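K.L.:
Using the hints provided, position chain B relative to the given structure of chain A.
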Amino acid sequence: MSATTLPDPAASTSAHAPRYAPGERVHVLRVDVPGHIRTPWYVRGRTGVIDRVVGAFRNPEELAYGRSGEQRRYLYRVRFVQREVWPDYAGAAVDTVDVDLYEHWLRKA
Amino acid sequence: MHTGHSHGAGGGPVDHHDHLHGEAAHDPHAPQPDHDDTLTYYRRLEIAVRELLIEKGVLSADEIRRTVENYDSRTPEGGARVVARAWVDPQFKALLLRDARAACESMGFDMNVFEVELTAVENTPEVHNVVVCTLCSCYPRMLLGMPPAWYKSRAYRSRLVREPRAVLREFGTELPESVAVRVHDSTADLRYLVVPMRPAGSEGLDEAALASLVTRDSMVGVTALPPVGPRAG
Numbered sequence: 001m002s003a004t005t006l007p008d009p010a011a012s013t014s015a016h017a018p019r020y021a022p023g024e025r026v027h028v029l030r031v032d033v034p035g036h037i038r039t040p041w042y043v044r045g046r047t048g049v050i051d052r053v054v055g056a057f058r059n060p061e062e063l064a065y066g067r068s069g070e071q072r073r074y075l076y077r078v079r080f081v082q083r084e085v086w087p088d089y090a091g092a093a094v095d096t097v098d099v100d101l102y103e104h105w106l107r108k109a
Numbered sequence: 001m002h003t004g005h006s007h008g009a010g011g012g013p014v015d016h017h018d019h020l021h022g023e024a025a026h027d028p029h030a031p032q033p034d035h036d037d038t039l040t041y042y043r044r045l046e047i048a049v050r051e052l053l054i055e056k057g058v059l060s061a062d063e064i065r066r067t068v069e070n071y072d073s074r075t076p077e078g079g080a081r082v083v084a085r086a087w088v089d090p091q092f093k094a095l096l097l098r099d100a101r102a103a104c105e106s107m108g109f110d111m112n113v114f115e116v117e118l119t120a121v122e123n124t125p126e127v128h129n130v131v132v133c134t135l136c137s138c139y140p141r142m143l144l145g146m147p148p149a150w151y152k153s154r155a156y157r158s159r160l161v162r163e164p165r166a167v168l169r170e171f172g173t174e175l176p177e178s179v180a181v182r183v184h185d186s187t188a189d190l191r192y193l194v195v196p197m198r199p200a201g202s203e204g205l206d207e208a209a210l211a212s213l214v215t216r217d218s219m220v221g222v223t224a225l226p227p228v229g230p231r232a233g
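Residue numbers (the working numbering), protein chains in the order written: chain A, 1 to 109; chain B, 1 to 233.
Check the hints yourself; a few may be wrong.
[What the hints assert, rightly or not] Partner residues aside, some chain B positions facing chain A, computed with beta carbon under 10 Å: (1) GLU117; (2) VAL127; (3) PRO176; (4) GLU177; (5) SER178; (6) VAL179; (7) ALA180; (8) HIS184; (9) THR187; (10) ALA188; (11) TYR192.
Note that these hints are calculated values from the structure, not bench results.
Everything numeric in this text was worked out from a predicted model, so none of it was measured.
Ideal placement from N, C-alpha and C gives every residue a C-beta, glycine not left out.
Chain B on its own, in the form it takes in the complex:
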């Protein structure tokens, strides 16, 4: 008799041929569970408010859908394109650090959907920037899309301001004491984009190849970018 499964745990895939499961468990045509079973308080509230706004003519269903679609269309690739441009074009970088909205608009990003200002902060050998919103989940959505779950977690929000080096270490980022850790608490009308340092070994790469190196986490500032090269892969 089987005492239990150990799928994947400790030793990779488990051979299933030596035992039988119940027929129902393996019915390939079994009905899939619905995913609409999370009608929580806040979901119910959102539906009620949305339906009222539509009913009263404040917003149309189409306007709401288009706005959601616009948000969903933003991904970290947008931010990565901006960072890569800043690495190869010193004039663009100067504009980005002075007026991030203008810089992004010059690359074709529509910044008007978001009623907040964007600012870019540059990592250097002396200063490492990292972003948090201790009050809620403010995030540069216009360039990075929706924030990851950990960015919104109570642990990240409360600990990053209090012990940033310990949190960075948990992301695999070890910084010497000589590098100043500059935390940005995005509390109000500013959203922050971190411009990570260009990785060592990337000298020969063009702008598109550089953009493919830039990760979401590096633009939040919880990681630095690893060197590129045949050994680093």
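Okay, chain A solo, but in the shape it has when bound:
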């Protein structure tokens, strides 16, 4: 399923506890938005597993335009199985790629 906009920033802030815990499966939003986006294209629409909750950081998508970056966003290290990211992946089944992703780009899988 694909969306055309990101969720309202106010709905995803550091005022709450992290939404996701290590081991949980998450889906990366398949959204095409302009700006200083830190979510690489190759994982949009893919499903991964939370490896680690890194912490709450000022939002770089806002910081890049001289704004405060508040509210802070939780950042997660999300692990993807390479063969699920690249259907023609030539390496081993155990190979993975870890990507650092902000909470507002994720949704429970």
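P.N.:
For chain B alone, kept in the frame of chain A given last:
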């Protein structure tokens, strides 16, 4: 008549005594070319922004110089010292893997210049870690200094996530299928330091000698460290 030079190509240094070059070409006092002929668009932009920041009092020239100096003072030897300490001190290694910032600060590294977090990932016989920034050139500069040109190249950035084993092979790193290749795409506020496996044959070495074995590329994860010993040299 000479049809062309072959300096070094195919057979080592070429004997120059059998022919004459033009006098000007060998004038030892000829003016050296200037190196300020690369006033590209982005260089011009950087100069304009820097001068505006100074003019408006946002930053002083001295602050900018000190920050550049701080960046330039970082070299892979910093990372190598951290890795060697982790090899000899299990408690330090546990701290490094849990809280790399605290571990590095305990060794005297100033981590506050960099507004990002550092995390260390450990290579084991089962997992080989390798780092890339597909979006730009994020790199653990606080421990390794400036990234090499290949790290910033489009080829490395696009291929490492897609075919890491092929890229590693080009660096001379062949990994069996049983070893998981774990690529870290450094997209946001984390910077990654790979702690390579301690080389075989290094058992008798002290921390300083161990640090001298640790290479930049091994801490990016594109290579493993070769065994040490009289034969390996």
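K.L.:
Under 10 Å is the threshold here; is the Cβ of THR187(B) close enough to any Cβ of chain A for the hint to stand?
P.N.:
holds (5 Å)
K.L.:
Once the shortest beta carbon distance from ALA180(B) to chain A is found, is it less than 10 Å?
P.N.:
Constraint on ALA180(B) satisfied, holds at 4 Å.
K.L.:
Take the shortest C-beta to C-beta distance between HIS184(B) and chain A; is it under 10 Å?
P.N.:
holds (5 Å)
K.L.:
Is the shortest C-beta separation between SER178(B) and chain A less than 10 Å?
P.N.:
holds (8 Å)
K.L.:
Any CB of chain A closer than 10 Å to the CB of TYR192(B)?
P.N.:
holds (9 Å)
K.L.:
Can you verify the interface hint for GLU177(B): is its Cβ closer than 10 Å to any Cβ in chain A?
P.N.:
Because about 4 Å separates GLU177(B) from the closest Cβ in chain A, which is inside the 10 Å limit, the hint holds.
K.L.:
Let's test the interface hint: is any C-beta of chain A closer than 10 Å to that of GLU117(B)?
P.N.:
Nearest chain A Cβ about 7 Å off; hint holds.
K.L.:
Restraint: VAL179(B) near chain A, CB-CB cut 10 Å. Satisfied or not?
P.N.:
holds (8 Å)
K.L.:
Tell me if ALA188(B) is really an interface residue toward chain A, meaning its C-beta lies closer than 10 Å to one of theirs.
P.N.:
It holds, given that the least Cβ distance between ALA188(B) and chain A is near 4 Å, below 10 Å.
K.L.:
Going by Cβ atoms only, is VAL127(B) closer than 10 Å to chain A?
P.N.:
Since the shortest Cβ distance to chain A is 9 Å, the answer is holds.
K.L.:
PRO176(B) was flagged as interface toward chain A. Is the shortest Cβ-Cβ separation under 10 Å?
P.N.:
With Cβ-Cβ at 9 Å, under 10 Å, it holds.
The structure meets every hint from the earlier list without exception.
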